[in-house]
Structures are given as structure tokens and as C-alpha cells.
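Enquirer: Take a look at the letters that make up each chain.
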Amino acid sequence: MIAPAETLVQLRRSRWAGPRGVAVFGIALGIVAFWLALPPVTERRVVVPVVIGAAAILLGLWAAYRGELRPGWGAVAAGILGIVGGIFATRAAVPHLDAVITWSALTAATLRFATPLTFAAIGGMFSERSGVVNIGLEGMMLMGAFFGAWGADRTSSWVGGLVIGAAAGAALAFVHAFFSIQLRADQIVSGTAVNFLALGITGYLFQDIYGNNGTPDNLPGVPDVHFGFLSHVPPQGLGTFLDDAFGGLNLMVWLSLALLVVSYVVMFKTPIGLRIRSVGEHPRAADTVGISVYGVRYAAVTTSGALAALGGVFLSLGFVHSFSENMTAGRGFIALAALIFGRWRPFGAFGAALLFGFASAFAPRLENVEGWANYGTLFQALPYVLTLIAVAGVIGRSIPPAAVGRPYVKQ
Amino acid sequence: MTTRLCGALACALLLVGAAGCGGGGKKSAGITPPVSTTTGGGGTQLKVGLVTDVGGLNDRSFNHLAYLGLQRAQSRLGVSGRVLESRQPSDYIPNLSSLARQHYDLIVAVGALMADATDAVATEFPKTRFAIVDFSQAALKHSPKNVHGLVFKEQEAGYLVGYLAGLLEKDKAAEAGKANTIGSVGGQKLPPVDHYIAGYQAGAKAADPGITLVNGYSQDFVDPAKCKELALAQIGQGSDIEFQVAGGCGLGVLDAARTKGVWGIGVDADQSYLGPHVLTSALKKVDLAVFRTIRQVKAGTFRGGADTLFDLKGDGVGIGRISPKVPAAYRAKVLQVAKDIASGKIANIPETVG
Amino acid sequence: MHGAERFSAALNLQQTLILAVTLILTGLAVAFAFRCGLFNIGGQGQYIVGSVVGLQMGVWFSSLSPVPHVLLAIVAASLAGAIWGGIAGLLRATVGAHEVITTIMLNWTALWIASYLVGFGGPLQDPRAGAVPVTKEVSPGAKLHVFWGSAVLQGLHIGFFIALAALVVYWLVLARTTVGYEVRAVGFNAEAARYGGIDVARNYFLAMAISGLFAGLAGAIDVLGWQFRLDLTTVQTASQIAFMGIAVALLGRNTPIGIFLASILFAALLNGTSTRNLDPSIFKPELAGNLTRIIQGLVVLFVGADLLIIYLWRLRRKLKLGRPKAVPPREVPQE
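Protein chains in written order, with the working numbering: chain C, 1 to 411; chain D, 1 to 354; chain E, 1 to 335.
Check each hint, because a few of them may be wrong.
Here are the simulated DSSO-like cross-link-like pairs (lysine-lysine), alpha carbons at most 27 Å apart as the crow flies [stated by the list, open to error]: (1) D:Lys298 x E:Lys284; (2) C:Lys410 x E:Lys320; (3) E:Lys136 x D:Lys141; (4) E:Lys318 x C:Lys410; (5) D:Lys141 x D:Lys127; (6) D:Lys333 x D:Lys345; (7) D:Lys313 x D:Lys298; (8) E:Lys284 x D:Lys145; (9) D:Lys333 x D:Lys205.
What the hints contain is simulated information worked out from the structure, not anything from laboratory work.
Go ahead and model the full structure; you've got the sequences and the hints to work with.
Expert: Below is the structure:
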């Protein structure tokens, strides 16, 4: 028998020493190569990012050669990105770079991009962990966005909007649940249908109720939360950064972070979560021990609709303070990808949403760099390419819940 | 399972087919009035068709405005109107050709992206009158003689709002002792969008030569969150006035202006109803253009094979309601500039963003 | 039938079949991967890649005679689609990256790259178009022959037969070849297939590549059949039809006949709910678009739920049987 302490040491050694550790270090080097060329460091010599990036590539190649394929190639990719990014950044004019890279604003924007994705991805987690594929997240978000705005308008309070929006998302999810659980329709077909329905219903009601002037301009939005003390955090630079980045975020951004913790606890530390997961992994066994498969799935899918809808409510009430047709613009599908990327776990999904959010916040700023104005469309691809690289290089295999996508037939 | 499903599919097909036929029958009854008017001579009601591009009727931009123009013609000129929404690019030609086949007296195509479709259908139906918004007749492939182009000098409207923005910013920056910066957010790099922005920048420079201009494209006309992020970034760079040229997406720009306490400038229609943070709007009167074209057809003065240029002089573009908070002296200056543009004193306003 | 009605009937059938061509091929793109146990949401990206490559092949080589020119464009576009799909397959096969993530990301990547190519200042933009973001037109020889209706007014082109042939090829490959057998075996049970000596990774790649081939072909046929040139908006909107391919494949239970029927259904639905076929006195123009989306959603929902009828029937019987006990007496007279 090995003592626990030794096991721990061994574990740590096996995970981080050797080729794997070297590869991770290589990935970090690649990022550093790019970072050095950006404000506030703003290294102007081309050599610096090139040399550091090349080092990252070499480390990656070595690690790959020693059998750590995935992190190895990840390091190679990071090194190439570091070199390319570094060359471009060193050739751009400094004032332009300063305009593009304001870390505090980027942080805030990243969180804003990530919030709707987080809500929807966690919603998706409840559904898929219970064994029901939810491709209808997009539609559920859209329901939240419209009915949130409508509810806030009707009740003259954002709380009312929040509740009505979530209820509308849950209602749409219930339709999905009824068709895919009770009627055993194909879950993907049902999800696709639900997306169409949401697009039509929200657009129709929006036109019918609000017409061409849109939702009223005095719509009660979800308030921003101001932390005055952040700007007083010493030293001065850090305080300003914290205040700019976190001092004026919307309440729903913080709510999404709280939801992360709550959903993690519910899913992995409580009997409820155990039931959801058992129904998703082995419904027959769950049924045998007396868990109502249909009941759990209904509850999980409906919850997922309510949560996804909150993502939509953030968009309409928390961020842009109005509704417009199809305003979710594919975010539901990105959330689905984030969920799988994060291996059906809340913090994993949040990590994916952050990565995606950062790239989305960063990409449009690139066209401010001198001479890059014509490549605006190309930069739009950045978040998707980065996610691809991350999935291929670092994340790798995601194994879904065993029974996902399969209708359950009661016996 | 498979056979059952095939059965269901076949049933659904039958249903859709039946619905399609039923709709078709009703439609012909609905469109062609009971009196057969197409060859009936005097006193017949003019039939006008409008085909939108894939932006749809509720795009808060030119499709919507064109529809307003048609509606005005219906109520004021007593014409009968029909609007067809294109939902995918494959709808353009069928929409235009089915109206032509039903002997519409005028068919209006909205948007430069329908140029090829309009050219093809107009060439096939040389006796039907067509009008196309945002595209010059001469630039059509066959330059058909039955098409009238409705083109706009958006840059003149852009110049006016830009001039006002420049005046305000010069003042404000001088007071605060900081750099003067204004911004603009476009949807995509399309000719009408760039006309506006180029004019805006030229106008601002004319009012305040030392001004810094920031510009960005959201690559989107639908998603307001994207535009809001861009506008927030520009405001973070010091921009005090934000001009949106992005349809529904641009509403996010105006919201960013409101939340950050800076001015926003609307586009196409007068967007001052959105709140007191809207400084003014750059107007492009597509509704007027469509209405006038229909009136020409009614009066018999419609002339194919040519363009009408809608500019400041002809009241085809202009500046919307200016916020009451703007000092009267500035309004007077802007009005003077409008006169100068109309009289040709200010000419050669750029069309492309440099 | 009168002339006008006849014309309108013919027009509607032509347009329905043109849409059906795209739906059949994008449906096959989903179905083939599905038979291998993979969910290809990437039809959109593969379609875009196919249409851009098909377009450019149609613009270049204008000296070729029609048949080889069309063949060249179609083959090149299909290969491009296969590569784009194959990337997802390769990532699944080598590092195990889930194809739902990779195909969604590849969709957007293709969309933005194509937008760049076609857009203002992009390499494919027609220099004569000024600032309008549109490409050159494919040369006349590369256009697909129109066999029904007007060639100028978007009549039905021979791409229809290509799509029918693709259905047959799909069936042949799956049912009559080793590749098809292995793909199905992997889709049925990947672990068992592995024990049976089948190279699962290779089949993941092949299945995605063949799927992409179908979607790329769809893009090429659209661009050579009726689009003829691509503009920014077309690139970003026309490809959305690929999402409907998912529903087509699944409604058709991934069988050739099912996919054919489902694609006709969806094409008829799309065409039939177009505003030109709706009575404006019933469907207010500004609401019609959204109303038809609701109708589409309901049709997909109810066609997909074949158990609904059995369910309702049982429910009715249960209510009938249960009525004496369950329903309080005072409510009975209401019926």
C-alpha cells in the first residue's frame, strides 16, 4: 500500500512532469509571445515574439514526439498563433494598438458575450444530462428575449420581465418535452421545429403588439451593479482596471456566475442531480429503482427552457433594452457547442463561453488596426477558428450522457 | 416505423398540396378584382407591386420605408398595392415575374441585391414598368428601357448630421479640454452604408478639422448586441457622438449612446422617437421616392430607361428632427450648410470611406 | 385551366422542385453521417464552400465547352465540400473532437471567409460592380441546362436529375458497398465494429467527407443552376436552407425515399408559404412572414410526431372509459 501523500505526489508528477508539462508550458509560451507585443508591454521588436513562438513550437514538437500528441500540437498551434499575431502587432501603429487593446473593456465585453451563452449552456446541461438533446435552445432564448421585454413592459418592472420571460422559455421547452418524451418524436426534429415556432411566435407578436416603433424606450431594464469601492483598490492602476472591468456589470452577469455554482452543486452534489444523471445514463435502471424517467425528463427539459430563456432576457432587458426579431442570432447553437466543449459540466461550459466571448469581443476591434479595415469580415471568423483549435488541440474527446437522444419506452 | 413514417409524410404532402392549390385559387380571386380591369380602359385602378429583399418588411430600413410609400399611395392615390416579401434569394425572380405575369402597372424592387433579378424579369416583360431602389438603371446588365432607377445621395444626409456632430463636439471638447472624437457604426460595407459614413466624416471634418473619427462595421443588420459592443468600444475610445448605419442592429448603437450618456444619431427614418439621447437622424426618403414614382405612373409621366437622383435639393434625403437641446445658432448653421449643398456650393462630398 | 393559372401552377412547381434539389442534397449530407452515428450540423458550411468553389470554377475556364466545364465545377465543388466535412471527420477520428462543435464552428468559419472573398475589396468581388459586394457571373457554358420553364426566369434545371441520381448513389453506397457496410456497422455500434476489425476512425472521416460532398454538390448546383453569382447577402442567407436539411433527413428516417418525400414536403412548405402565394387580405403582409414560420414549425412538429395519433386515440378512449368515475356529475350536462 502506498501512503495517500505519496499517491498525490505521484499523481501530480505523472500529470505535469515530462512531455505533458512541457507541452502546457509551450502553449503558455505561445500566448506570451503574442501578449508581449500588445499593450501595456507593447514590445516593438519583431524578433521577440518570433523567438518565443518558435520556442513554443519546438517544445510542442518534442512533446508530440514523446507521445503527448494533443497538448503537443496545441503548443505548436499556440506558437504559430503567437508568431503571426506578434508580427502583425509589432507592425501596427502604437496608438491603434492602444485603441484596440483595452484590457478592462475587453474583460467586461467578454463577460457580456459569455453571459447569454452561459445561461443557455447550463440550461442545455439539465436537458442533455437527463437524456434529451436540446437543439431548441436558440428558440427558448428567443422566447425569453421577447417575453422578457413584453413582461417588463406590462408589469412595469424588470422582475416581472424576468419571470415571464423564463416562464415563456419553460413553456416552449415543455412543448419540446411533450413531443420528444411523451410522443417519442425525434428529439432533433422536435428541437428544430421548436426553433421555427419561437422565431415565428416572437416575431409575430412583436409586430402585432409593438409595430414599427418597437418596444417602448422606457422599458424597465435589469439594473447594472456598481461597486464603488473597486476604484479605491490600491494600487491605482489595478483599482481603475477592476472598476472598468467589473464595476458596472449587469446584475444578470453576476446571476449567471451564481447559477454556475448552484447548478454544479445541484447536478453533482444532490440527490436531484443524481436522479437526472441516472435517467440520462441508464433510464431502464433508474426506472427499476423507482425513479420516474418521464417525470425527471419533463422537469429537466422545462428547467432548461427557463434557464436558456434567462440568457435571452439578458440580451433584451439586461443589455440592449429592446427586442428585435431573431435577436439571438445563433447564440443557442454556440451555447450547445459550449456545453459539449465543456463536457456537459457547468464550469467547463463557462470556460468555453469565456473563450468564445473573449474572441468575439476581441475580433471586431482588430479592424481598427491600420491597414486592416478591409478584413473585418475575416476577423469575424476568429472566435470560431479559435474554438476549433481549442477543441482539436486541448479539449479533445467529449463523451455524452449514454442515453442522450434516445426516447424511453416505459415497460 | 419506416412505413408508418412514410405514410405520415405522404399524408402531409397531400395536405400541403391541397393547401397550396386552395391558396392559389383564392389568391387569383383576391388579386384580380372581379371586374376584369387589365384591358378595361379608363377608370381602372392602378396595380402596384412591391418586392422586398431578404431583409424583409420589418427591417427598420429601406424595405420598411418603401412599404410606407406604397401604403401612402394606396390611401392618397387610390392605387391597389401588393407587397411580396422575399424570404430567400430564390424568391427574387419568382416574386417579380409573378407580379409581371399578373399585369401589374408598376413593380418596385427594393435593394441593389435584386439588380440581376430585376434585369432578367424586366427584359422578359418589356411592357411592364419597373423601378429599382438603390441601383442605377444604366448599370443593369441589359439596361432595360422599362426600368427606372431610384438612387439616393445618402452622403448629403450624412454630411449634414456629421456637420452638426462636428459643431457640437468642437464646443464640448474645447470646454472639457480633451481630444474630440466621434464615431460611426455601419452594418456591412455596402454602397449606401458607406455613402452615409463618408458624408458624415466629411461633414464633421468641415465643422471641426481637428476631429478624430472612429468607424467600425458590425457585419450584421439584425443583432443589436453586436452593434452595441462596437459602439461601447468607440465610446471607450472617447467618442461623444455615435452615428448608426445598421438597420435593426443599429438600435444597439443608440442604446449604447443612451446608457453612456452621449449623443446618438439615427438613420434612414426619423428615429427621434427613441428618446432624448437621439441628436438627430440622417433621412433617406425611400417612401417618398416610391410614392412619387407611383404618382408618375398614375399621371402618365413615368419614364423608363432613366434614373431619378434623390438628393437634398429634391428633398430626397435630409436631416431629421434636431434635439431641442441643440443651441439655435447650430441649427441655423446646419440649415445654411443644407442650402449650400442644395445650391451646389458644397459639392464633391465623398462616397467612399477612406 | 386558364393561362395565368397554368403559369402560376408551373412556376410554383418549378420553384418547389428547385428548392427540393437543395433539400435532397443537404438532407443526404445529414443522413449519411447519421448512418455512421455522427450528427452533421455542418451542412451550411459545406454548402457555402461548395458554392464558392463552384462559382469560381464556373467563372474561370470559360473556354471549356459546356459539359466538361459543368463537370469540372461540380466535381471541384463537391471535393471542396468533402474536404470541409472531412476536417470535422478527421478531428473526430484523431483527437475525438465532437462533430457537433466542430461542424458549427466550421459553418461560421466558412460563412465569414466566403463573406470576405465576396465582399468589398475581396479577391472574388467583381471589379466592375463598384462597391457592391458581388462576384462575377459564371460563364454561360457553366450554367446548368433548364429543361422546364424559362432559362432566364429561374426555370427547373437539370440539377434535379443530379439530385435524384445522388439519392440512388446514396442507397447504392450504403447498401451495396464495403464502405457503406462499414459505415453502417460503426453507426450501429462503434465498439462492436471495432471488435469486428473495422477501422472506426477511418469510417468517421469517410462518412463526414461523403456527407460534405453531398452538401458541396448542393452549393454548386444552386450557384450553377439559378444564382449564377454570389453576393454578400446570398452567401449569408441562402445557406440557411442547409439547416432544413437536418429536419429533412430525420423526417425521412435517413432512407432515400423518405428523404425524397420529406424534401418535397419542405420545399412545398417553403414555396407555398411564400407571400406571393398568400392572400394579403387574410395574411397581413407585415405578419405573414412570421405566421408562415409558425406554420412551418407546427408542420415539422406534427409530422415528426407520428405517435401523436395513437396517443390521442388512447387518450380519448381513456377519457371515455374514465368518464363515469372521473367527471363529476354536474359537468356532464355541459356536453
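Enquirer: For a quick check of understanding: which of the numbered hints are violated here, in increasing order?
Expert: Hint 8 alone not satisfied by this model.
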